[in-house]
Each structure stands twice: as C-alpha cells, then as structure tokens.
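Following the hints, complete the assembly by docking chain H onto the known chain V.
Letter by letter, the chains look like this.
Protein chains: 2
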Amino acid sequence: MKNQTQDMIIIDALELSNWDRDFLLLLKEGGVTCVHACCGLWENARETLTKVGNWHRFFKDNEDLVLPVHKGADILTAKRLGKIGIILGTQNTSALEDELALVSVFNQLGVKIMQLTYNNQNLIGSSCYEERDSGLSRFGKLVIEEMNRVGMVIDLSHVGEKTSLDAIAASSRPVAITHANPDWIYPSSRNKSKEILTALRGNGGMIGVCAYPHLINGHQTTLEEFCQMIVETVEFMGIDHVGIGTDLTLNMSDEFLAWMRMGRWTHNVEYGAGSKDNPSWPKWPEWFETPADFPNIAQGLYQQGMSKDDVYAVMGGNWLKFFDEGFKAEKELAKCVSLI
Amino acid sequence: MKNQTQDMIIIDALELSNWDRDFLLLLKEGGVTCVHACCGLWENARETLTKVGNWHRFFKDNEDLVLPVHKGADILTAKRLGKIGIILGTQNTSALEDELALVSVFNQLGVKIMQLTYNNQNLIGSSCYEERDSGLSRFGKLVIEEMNRVGMVIDLSHVGEKTSLDAIAASSRPVAITHANPDWIYPSSRNKSKEILTALRGNGGMIGVCAYPHLINGHQTTLEEFCQMIVETVEFMGIDHVGIGTDLTLNMSDEFLAWMRMGRWTHNVEYGAGSKDNPSWPKWPEWFETPADFPNIAQGLYQQGMSKDDVYAVMGGNWLKFFDEGFKAEKELAKCVSLI
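In order, the protein sequence lines correspond to chains V and H.
Note that this note's numbering gives residue 821 to position 3 of the first sequence, counting from 1, and the numbers run on in steps of one.
Note that this note's numbering gives residue 925 to position 107 of the second sequence, counting from 1, and the numbers run on in steps of one.
No lab work stands behind these hints: they were computed from the structure.
Check each hint, because a few of them may be wrong.
Copies of the same chain look alike in the list, so a pair counts if it fits in one copy or across any two.
No more than 25 Å apart at the CA atoms, straight line, and that leaves these computed lysine to any residue pairs for SDA-like [as the list claims (entries may be wrong)]:
1. Lys1146 - Leu960
2. Lys869 - His888
3. Lys1094 - Gly1022
4. Lys889 - Ser1071
5. Lys1146 - Leu1041
6. Lys878 - Lys1126
7. Lys1149 - Phe876
8. Lys869 - Val968
9. Lys1149 - Glu1053
10. Lys878 - Trp1002
11. Lys1012 - Phe876
12. Lys1094 - Asp1072
13. Lys1146 - Tyr1130
14. Lys1012 - Asn1035
15. Lys1094 - Asp838
16. Lys1146 - His888
17. Lys980 - Lys1094
18. Lys1139 - Tyr1089
19. Lys889 - Ser990
20. Lys889 - Ala1147
21. Lys1153 - Leu1075
22. Lys1012 - Ser990
23. Lys1012 - Phe1054
24. Lys878 - Leu918
This one's a predicted model, so the numbers in the text were calculated from it and none came from an experiment.
Only chain V is shown next, with the shape it has when bound in the complex (with noise of 0.2 Å):
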C-alpha cells in the first residue's frame, strides 16, 4: 500500500497528540506531509506564548524532521525534504482575550488556524455544546474581519450552528472546519448540519471528515463505512471541499484529557463528545490506530471506486490549496499565483 501514495500529499487538518520523536516517526511511516497541531485549548495570550515556546523548542530539536508551516509552498517544501511540515492552530481564541490587535500578533507567530470557540460561549460566539447561541458578537465580527486581511483561517469544527452560520455570512474568505462529520451521517452536537454544510460550500470552504471515535460510530465503525460517509461528504460538499482531520490524540494521559474537557471553567466532571459509560480517551478503530495508517484511509477510498485525482484532493490536495490561499494576507491574494 506505501508504494501507492509515496507520491501523495497527505495532510490531517487537525492533530492533537502528544509529540515527540517516536509519534513524528509513525507519521512519516504513514506518508504524512502535513499536520495541523493543536497549540491550544483554554490558554489565554501569555498561556499561549508558552505553548508556542515550547513549539519552538521542538521544531529545533527535530529540525531533521519537522518544519514549521507559515505558507503553502512550506507544505510542498517539506514534502520535497521529507519532512513533516506542522501548522499550528488553536481550538479557541481564548489567547486573543479581548485585545482585536492580538490577532496580528499571533498570526506572526505562526498561529495560522483559530477555531472561533472551543467548547464553552466566549467573547466571540457559542459552542455545539452550549444550549442557546445567540450568534457571532461585536467582538467575533471584528476578530473575523481581521483574521481575513491577516490570513489567519477560521475554523468552525466545535462553534455552534447560529454562530456558525453568522461566521460563514460574516467572512470574506473561505472558513474550515477543519475536524468534524455531517451530522445526518453520524448524529452528534459536534458534527455538522446540511445548513451548515451548504453554506460552507457555498463560501468556497471546506469541511476535513474526521475520525475520533466519539464522531463516527465508535472504534468498530468500520473502514468501509468511514470511506462510505467520505464519499458521500463528498457528493453533497463537491470534490474540492473535502479533506481529512483526523482528531487523532495518540498517548495522551488522563490529565490531559481533564484539562480538555474542564478546563478551569467548571469542577464538575464533563465528558465533552466522551460519556458516562466511556469517560476515558477513546479507543481507536483498527484501521486508524497511529498515524502510521493514513495509507489504509487512501486504499479505503479506491476500494469506493473513487479516482485517483480525487482520492488525492481528499488525502490533502485540497488541504493544499486551501491552505495556500487562506494563510496569505488578504493583500497578498491579489498578486500571488497559486502553487497548484
């Protein structure tokens, strides 16, 4: 199977995994170019800082393996090197506070991807897991404004349906929502409506299917049926629209898991898109155990009868251009090619 994608461009359009060389080793294994890692959840600007800190310190001890991603033509620099190629992202805006010029700030540090909300109402708008989203606020119109002129890419994967759709009308440029599924396929408060989904495509975004356990049918959803619910993605966002963000958290511990979940917002137990009867981190289908099975996903999708100019957009092609476009400043787009 490695034979058949060693030319491929594989990106996961959202990672959260604790990273060290042996994890960076499983995605090479896999043919990975390009991850979007998740550099935040709860953590406000100074938090932030830290977590970018220690980013930097990884990229320099690996810097035989990782290469951190600001543009798209980084991407295709380290698929030439046989790097892995690292976007980060936050899952929140919580390290904006309330401060419109942090946007900027954060941008030149190469936090290329902010999720509107995390789990919980912020300044800017709700989460799928509120019960009342009241939309996009004053502050969410103006922090969307300026992601768009800097080239920071909004990403709707965990904000609520009302704020969603305000951040999709509200946008100049194409958003992501970088780790979800349609929701009529697996149901689930984190998943995505066909409203949702139907603006998306029509602001020219794109939605990365996503496997975390809790948003597909559990560990015995099969590979079949992951590639079915990709194909049929496909069939009502169009081609170009869908990728892959696996969601994958690969050794993480249980106190990370807390922190996740809880924050520092509540100290009652929350289980997030985990239950009762499945509090822990989830188990993983066979198929997509590491990293180091993203080859099966690409063999999964020919099984489908998809071509191979399609199984490639899907693996990360569109990721690709995605990326390339939505990471320049708005006054950069007028005058730049694009890579592909």
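Relative to the frame of chain V, chain H by itself:
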C-alpha cells in the same frame, strides 16, 4: 544640506518618541532610513504583546510611510521605497519573564534587539544605576546563548559595568551599545568606560553615540562638541564600530517620563539620567530638536574633516552592516552573503 544626504543611509539606533504621522514626516524630512524604536521598558510578556500589537496597527495605518525591519535587506528596501524602516526592540528583558523559550518567540515577533537590563537589576544582570553589579546570572548566560542562536541583538546601553563585561565575554557574536557615549568625554553612570569600549571593540561590536542631553553637556552642547566626541569615539573604537543612537524623545508626556523612570518598582521620585534640578524631559540642543535635523550631524562631521566614506559609515552604513549580520539566525550566518 539635504542634497548632500539624499543617497545616504541614515540609521538611528534608538528613538523613544511619540510615534505619529507628524513624527514620520519629520524623519522623512531628515532623510532617516531606519530607526530602532523602543517597544518596551518595564513590560512583562503579556504587556509586550499589546505593545507589539499597537505597532502592527501603526504599520498598517501608515504603510505608505513605514516598513517593519526584520533583516538587513528590509533596510535597503525602505531606502529604495523612500519609507522609514522600523526595528522593534525592548530596553529590558522583562518581556522574557523567566522563560528561555520566549527569546525565540519575541524574535519571531520582530523584536530584534533586547537590552539586557533597563535601569534596575533583573533576572539577567544589573544596570548602570545599581550600587553593586554581580554580573551576568545563570539565566542571563542562557539568554545570551539563545539570543546568539536566533539572531536577536544584545544591547548593553543601560547595563552595568560588570554585567556588560560578562555579556561581551559570553556572547559568541558582536553586541551593541545602541545609545551611550564614552564616559571619559561625558562623565555619567549611563556612559561607558574605556574598559567596556575596549572589550566591545574586541568583540566586533558597535556603539551608537547619543544626543540625549543628560548624556552630553545638556542642550548647550554645540554641534561641534558633539561631532568632536564622535571623532574621538571613532579614533578609540575604529571607524567600523561607531554609529548614531540619539535616544530622541519627542513630544512625550510627563506621565510617560514617570513610567520610564519609576515603572512599578518605586513609589519615590526617580530622576534617571536627570536630576532634582532638572526633573522633566530635557531640552534638546538647537541643532537636534527633531529628526529633521539629522543632516546637521552629517554636516558637523564633514566640518570635523571626516571623509565622505567615514561620514556615511557613521551615519548609517555601520549599523546597516551590523544589523544585517546581527539579525540573522546563527545557522544562516555561514551560508549568507553580506549585503555590503
């Protein structure tokens, strides 16, 4: 006079003024190519983000007149476009707090110069105003190593004698005194001893001679006296090691003066380089009241009998070479060709 400086690159290695469009027009009138602008005095990491964010806003709002400088080539671009290049720097390492990784983070934010201490002892060393200076701390040595690695210039202008000597010895790359004078010409604890300047010269470093009235003989210092000092400094240091760092403070408030001198660290009145009899912002010499007066300095140097090449070197050529090399990451140094 202006015609004589049109092809000259003029670099001011420190200004602390109230940056607005009027000030930019004065810089343009003076033919200034590039300024090292003070982006922090006592601010911690979080507060420095706000300062950097304000600068981003200033760059955006005045993009017809300014250009942020991250590398030597940006200074040449500024000259070619007739814009003012701006290098951000902090006059303290307070932005790093106790976190080594923040050197690389602030370097990525374009803070290309950091003064190791402002007027007080800090985590790294001591200032020229402390009674005792025990030299570079353990953390200080690591910070210098990291600044050397990433290509952030070490500034010793307000740093104490022992810490300065330690820093020069510890640094594997040339360091700067962006704004101070030889103390045997103008005695002041802020000016620099023969011992420091000898070490600086040996290190390949540079000094920017300073027109701040408290560091010369007040506003009555004549242009001739100031330029005589430059000639003497060049004689001592060698022509390649001297530039200008005016420390200009135009249109600043008394509130800012209090912050500059007293930060949050004292409730007593402090006078910095001033005194009880001269507590406010100093009056500047009539030959340097605004940056539009830069050509006067070039004129004064010619009147001292300095050659055209030497005048060009002191007015900006030396800083251009120094910053071009100094802003490169260590690993870039070997493979890059100098601009000059």
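Now the hints, each set against the structure:
no., hint, in the structure
1, Lys1146 - Leu960, "within (18 Å within a copy, 35 Å between copies)"
2, Lys869 - His888, "both (17 Å within a copy, 23 Å between copies)"
3, Lys1094 - Gly1022, "neither (38 Å within a copy, 66 Å between copies)"
4, Lys889 - Ser1071, "neither (32 Å within a copy, 42 Å between copies)"
5, Lys1146 - Leu1041, "neither (35 Å within a copy, 49 Å between copies)"
6, Lys878 - Lys1126, "neither (36 Å within a copy, 44 Å between copies)"
7, Lys1149 - Phe876, "between (32 Å within a copy, 17 Å between copies)"
8, Lys869 - Val968, "both (21 Å within a copy, 18 Å between copies)"
9, Lys1149 - Glu1053, "neither (34 Å within a copy, 49 Å between copies)"
10, Lys878 - Trp1002, "neither (44 Å within a copy, 44 Å between copies)"
11, Lys1012 - Phe876, "neither (40 Å within a copy, 42 Å between copies)"
12, Lys1094 - Asp1072, "within (15 Å within a copy, 61 Å between copies)"
13, Lys1146 - Tyr1130, "within (23 Å within a copy, 38 Å between copies)"
14, Lys1012 - Asn1035, "within (19 Å within a copy, 75 Å between copies)"
15, Lys1094 - Asp838, "neither (31 Å within a copy, 58 Å between copies)"
16, Lys1146 - His888, "both (9 Å within a copy, 19 Å between copies)"
17, Lys980 - Lys1094, "neither (28 Å within a copy, 62 Å between copies)"
18, Lys1139 - Tyr1089, "neither (35 Å within a copy, 58 Å between copies)"
19, Lys889 - Ser990, "within (19 Å within a copy, 32 Å between copies)"
20, Lys889 - Ala1147, "both (10 Å within a copy, 20 Å between copies)"
21, Lys1153 - Leu1075, "neither (44 Å within a copy, 45 Å between copies)"
22, Lys1012 - Ser990, "within (21 Å within a copy, 60 Å between copies)"
23, Lys1012 - Phe1054, "within (9 Å within a copy, 76 Å between copies)"
24, Lys878 - Leu918, "between (30 Å within a copy, 14 Å between copies)"
Of the numbered hints listed earlier, those contradicted by the structure are 3, 4, 5, 6, 9, 10, 11, 15, 17, 18 and 21.
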